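Engineer: As a plain string of letters, each chain reads:
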Amino acid sequence: MAKWIDPRPWVTGEYIHQDLFNVALRDNMLALRQQKIRQTADVAKTTTTLDNLTGLELPVLQGEMWHFQTFVFFTSNATANLKLAFKSENVLGTATNGIMFGRYGLWGSGAPIVSGHVVTYVASPGATEIVAITTATSLADMCVLSGTVLATVDGFIQAMGAQSTASGTTTFRENSFILAWRVDQ
Amino acid sequence: MAWTYPISWTKGALITVADLNTYLRDNMKDIYTVIAVQTETLLKNNSAAFSDLVGMSFSVLSGEVWSFHAWSYWNSGTTPDAKWTVTAPAASTGRFGLAGGGIPLTAGNETTFGNSIAITSSGSSNQLVNLAAYITAGANGTIQLQAAQNTATAADSNWYLNSFIIAHRVSA
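Chains as they are written, first to last, in this note's numbering: chain A, 1 to 185; chain B, 1001 to 1172.
Since the hints were made in silico from the structure, they are not lab data.
Don't take each hint at face value.
What the hints assert, rightly or not - To be clear about the criterion: a stretch of chain B counts as covered by chain A if any three or more of its residues have a C-beta under 8 Å from a C-beta of chain A, and this derived list gives those stretches:
(1) 1009–1019
(2) 1026–1039
(3) 1090–1098
Everything numeric in this text was worked out from a predicted model, so none of it was measured.
All C-beta atoms, glycine included, are put in the ideal place defined by N, C-alpha and C.
For reference, chain A alone in the conformation it holds in the complex (with noise of 0.2 Å):
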């Protein structure tokens, strides 16, 4: 139920019948939404051990499929590198598999180590479900993952971040987001 329709004129004197409301008003407001969703703290990493960067979650329900763009602001160094997952939840944050579908991929200054895309959402990203991309320098930074998801059930994914090489630390800034819009279905 959110694919657009152009809304029609509505006319003097009109019965305003439910099921006008319901595609001009329910239907496209639901193929118009979207969602901003904000990492309410640093995260610092030392480790290669993913960790959840707080806050950036994004909560799809059953049917929905959502593209995204998640901005990373980040510091790194050239040893450590970066690198990034999404991990599967169901509606009550319990890490899940089988229940997020699509790809994911990221970009920025870097050259991808590994992967630079990955095609599946799990419970525990391994090797083949994260993407990791170098950083030339211990400046501060900005990447971009994009990608999209269907869920199968109600239920998130949660944005994790770690070091590719441990090396130094490397932190997730605060206020790093993801945009999210409906995929006209």
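With chain A held as given, fit chain B onto it using these hints.
Structural biologist: Positioned in the frame of chain A, the structure of chain B alone reads:
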């Protein structure tokens, strides 16, 4: 102001003021989006002073929270490279940054609006960067993108018209 899943309207149901405020007014406020286009090319030669990217801006009210992403088409040499900034009303908070084909110079993201974020240029080819920001406005005013050469160099650097910005109001 927050998004609420729209109800299904039913035959004979009274359309209340509260319904219209929640499912029409508030939801429309939530999905409010500004799309603005750069209306003229900015040419810089031997200048590291920021100038407005004309049209790459939007108005905000004090206390509003906005996020934006912008796409800037540019061309600069390897000596001047390029820098951008985001100016915002006084006391605004948040963070802005850029990603592109080059390496950050001095900083690729910033929390102080008006400070520069710079990137190396690959040379004379036309290039593209993606800028993004999450901002809480400290006062009424304008969010404005600006650009300049990172190192003043006697050569042309251009930031081209038809670059664009897409801004989403997070809360009002």
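Engineer: A separate judgement is required for each hint: does it hold in the structure or not?
Structural biologist: Against the structure, the hints come out as follows:
1. A stretch counts as covered by a chain when three or more of its residues have a beta carbon under 8 Å from one of that chain; for the region 1009–1019 of chain B and chain A the count is 5, and the coverage holds.
2. Closer than 8 Å: that is the beta-carbon criterion, and the region 1026–1039 of chain B has 5 residues meeting it against chain A, so the requirement of 3 holds.
3. Against chain A, the region 1090–1098 of chain B contributes 4 residues with a C-beta closer than 8 Å to a partner C-beta. That satisfies the three-residue criterion, and the hint holds.
Comparing the model with each numbered hint stated earlier shows that all of them hold.
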